[in-house]
Amino acid sequence: NAGVTQTPKFRILKIGQSMTLQCTQDMNHNYMYWYRQDPGMGLKLIYYSVGAGITDKGEVPNGYNVSRSTTEDFPLRLELAAPSQTSVYFCASSYGQGNEKLFFGSGTQLSVL
Amino acid sequence: GESVGLHLPTLSVQEGDNSIINCAYSNSASDYFIWYKQESGKGPQFIIDIRSNMDKRQGQRVTVLLNKTVKHLSLQIAATQPGDSAVYFCAESPTGANNLFFGTGTRLTVIP
Chain A
73 NAGVTQTPKF RILKIGQSMT LQCTQDMNHN YMYWYRQDPG MGLKLIYYSV GAGITDKGEV
133 PNGYNVSRST TEDFPLRLEL AAPSQTSVYF CASSYGQGNE KLFFGSGTQL SVL
Chain B
10 GESVGLHLPT LSVQEGDNSI INCAYSNSAS DYFIWYKQES GKGPQFIIDI RSNMDKRQGQ
70 RVTVLLNKTV KHLSLQIAAT QPGDSAVYFC AESPTGANNL FFGTGTRLTV IP
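These protein sequence lines are chains A and B, in that order. Residues in the first sequence are numbered from 73 upward in steps of one, following our numbering. Residues in the second sequence are numbered from 10 upward in steps of one, following our numbering.
I should point out that these hints are in silico values taken from the structure, not numbers from a laboratory. This structure is a prediction, so every number in the text was calculated from the model and none was measured. There is no bait here: all hints are sound.
Only pairs whose alpha carbons sit at most 25 Å apart, straight line, appear in this in silico DSS-like list of lysine-lysine:
#1 B:LYS65 with B:LYS77
#2 A:LYS173 with B:LYS65
#3 A:LYS86 with A:LYS116
#4 A:LYS129 with A:LYS173
#5 A:LYS129 with A:LYS116
#6 B:LYS80 with A:LYS173
#7 A:LYS173 with B:LYS77
#8 B:LYS65 with B:LYS80
#9 A:LYS81 with A:LYS173
#10 A:LYS116 with B:LYS51
#11 B:LYS51 with A:LYS173
#12 A:LYS81 with A:LYS129
#13 A:LYS116 with A:LYS173
#14 A:LYS116 with A:LYS81
#15 A:LYS81 with B:LYS51
#16 B:LYS80 with A:LYS116
Isolated chain A, as found in the complex:
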């Protein structure tokens, strides 16, 4: 199993541009998450999904959108990139509820200039 795979690993955007961060998992996990990690800080939850077709906001959802059309994929969309969205983004998944062990991808480092 590849686990949780994120693409791209690095990206530079100009203010106002849009992009989609891709995330896929091959563990047949029901729950998937997007976190952002600012320098020297812990992870903040952006959005999560408890299954295909269901998404919910986390702590910091503004400026982002998600979709969950399949169990495997959970893309994160930035519509109008802002410098405040410069961060490292991590996708994660878990089999059961969110209060169980999460498996993380390797991250996407995004800079908005």
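Place chain B on chain A using the hints.
Leaving out everything else, chain B in the frame of chain A:
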């Protein structure tokens, strides 16, 4: 929001010594706690977890202690090795929550 914090942002230990990383949490409704290790440029990696019905749980070279009275969590690493150098995060999940709340992390540096 949740408040999960650490007592020390950095910790340096000699190779072979034991390490203790501490974490305070504020939500008495949290019933699940977990420690992650994050190496530079990588995603967090699971180390060990514990539920609130336990006080202690041991893994390979690691032990997690939970003191619910003072809302304190600690990670003990025995015989610390250079490969243990990383940032360690604690996280908590309140009962019924669908996600984890992470602390800011402690950077552990192992001195050869």
